[in-house]
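**Student:** Protein chains in written order, with this note's numbering: chain A, 1 to 117; chain B, 1 to 111.
Hints were generated in silico from the structure; no laboratory data involved.
Accuracy of the hints is not assured; some may be wrong.
[To be verified] Here are the simulated DSBU-like cross-link-like pairs (lysine-lysine), alpha carbons at most 35 Å apart as the crow flies: (1) A:K14 / B:K71; (2) B:K68 / A:K20; (3) A:K64 / A:K14; (4) B:K98 / A:K41; (5) A:K20 / B:K71; (6) B:K71 / A:K64; (7) A:K14 / A:K66; (8) B:K68 / A:K41; (9) B:K71 / B:K56; (10) B:K98 / A:K55; (11) B:K56 / B:K98; (12) B:K68 / A:K14; (13) A:K66 / A:K55; (14) A:K66 / B:K98; (15) A:K41 / B:K42; (16) A:K14 / A:K55; (17) B:K42 / B:K56; (18) A:K41 / A:K64; (19) A:K41 / B:K71; (20) B:K42 / A:K14; (21) B:K56 / A:K64; (22) B:K68 / B:K56; (23) A:K64 / B:K42; (24) B:K42 / A:K66; (25) B:K42 / A:K55.
[Said to hold, decoys possible] Derived list of chain B stretches under chain A, where covered just means 3 residues or more per stretch with a C-beta under 8 Å from a C-beta of chain A: (26) 37 to 47; (27) 95 to 104.
We put the beta carbon where it would ideally sit given N, CA and C, even for glycine.
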Amino acid sequence: GAVVSQHPSWVICKSGTSVKIECRSLDFQATTMFWYRQFPKQSLMLMATSNEGSKATYEQGVEKDKFLINHASLTLSTLTVTSAHPEDSSFYICSAREYRVMNTEAFFGQGTRLTVV
Amino acid sequence: GESVGLHLPTLSVQEGDNSIINCAYSNSASDYFIWYKQESGKGPQFIIDIRSNMDKRQGQRVTVLLNKTVKHLSLQIAATQPGDSAVYFCAENRGDYKLSFGAGTTVTVRA
């Protein structure tokens, strides 16, 4: 159990285009999902917290108009990188916590490798 | 086994030896800590966690030690195997399970 799946696993897009990344909790419901970004050989940095049915909260320095987050259901959150540029190339990872269950860990997806050319 | 007194970005260990990976955290109010293993191109994989009301917790081949006095966390891996080669991150709960990750230690197991 507790599987979080991201789609796609990797994507290449042209500069100026937008790309959507999906994060799904496959066997549990997640009120809260988190989006992280990881540059090569660096640690994970929290970008935003996605809350089902409400607006996402963004970390300081993360542009909310560039990284659009939608958490429309208890099993799906999406991150859209708008007007992507080469510096947005990174590994994007989501995690999800189970709804209404206290003191549980967050489960991570397998990540999405974004390359902007 | 090898003992690492301070956080080092890399650790090379002989297969079968014990590994110790260290991590310093910043917030004395943090109440929950997790160790993750990340293999190349994959998301973090949960290894073990510990709450601030504990000093030690053991799992299968792994032990986490928490020293709140000096804000230090360590992960011990017993009888290190080739499959343990990966990057290991400690993470602290900033609140509401928003995690702040450490810099990571790359563990390489020598055959």
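**Student:** Next, verify each hint and record whether it holds.
**Tutor:** Evaluated hints:
1. A:K14 / B:K71: 45 Å, violated
2. B:K68 / A:K20: 41 Å, violated
3. A:K64 / A:K14: Distance ~21 Å between K64 (chain A) and K14 (chain A) Cα, so the pair holds.
4. B:K98 / A:K41: 21 Å, holds
5. A:K20 / B:K71: 39 Å, violated
6. B:K71 / A:K64: Since the Cα atoms of K71 (chain B) and K64 (chain A) sit roughly 33 Å apart, the hinted pair holds (cutoff 35 Å).
7. A:K14 / A:K66: The given pair, whose Cα atoms are some 15 Å apart, holds under the 35 Å limit.
8. B:K68 / A:K41: The given pair, whose Cα atoms are some 28 Å apart, holds under the 35 Å limit.
9. B:K71 / B:K56: Status holds; Cα separation ~14 Å.
10. B:K98 / A:K55: Judged against 35 Å, a Cα distance of about 16 Å means the pair holds.
11. B:K56 / B:K98: Given pair K56 (chain B), K98 (chain B) holds - Cα atoms ~23 Å apart, limit 35 Å.
12. B:K68 / A:K14: 48 Å, violated
13. A:K66 / A:K55: Answer holds: K66 (chain A) to K55 (chain A) is near 15 Å, not above 35 Å.
14. A:K66 / B:K98: At roughly 21 Å apart (the allowed maximum being 35 Å), K98 (chain B) and K66 (chain A) satisfy the hint.
15. A:K41 / B:K42: 13 Å, holds
16. A:K14 / A:K55: 28 Å, holds
17. B:K42 / B:K56: 28 Å, holds
18. A:K41 / A:K64: 25 Å, holds
19. A:K41 / B:K71: At roughly 25 Å apart (the allowed maximum being 35 Å), K71 (chain B) and K41 (chain A) satisfy the hint.
20. B:K42 / A:K14: Answer holds: K42 (chain B) to K14 (chain A) is near 24 Å, not above 35 Å.
21. B:K56 / A:K64: Distance of about 40 Å is beyond 35 Å: violated.
22. B:K68 / B:K56: At roughly 11 Å apart (the allowed maximum being 35 Å), K56 (chain B) and K68 (chain B) satisfy the hint.
23. A:K64 / B:K42: 26 Å, holds
24. B:K42 / A:K66: Measuring from Cα to Cα gives roughly 25 Å; hence the hint holds.
25. B:K42 / A:K55: Roughly 28 Å between the alpha carbons, so the hint for K42 (chain B) and K55 (chain A) holds.
26. 37 to 47: holds (count 6)
27. 95 to 104: Per the Cβ count (9), the hint holds.
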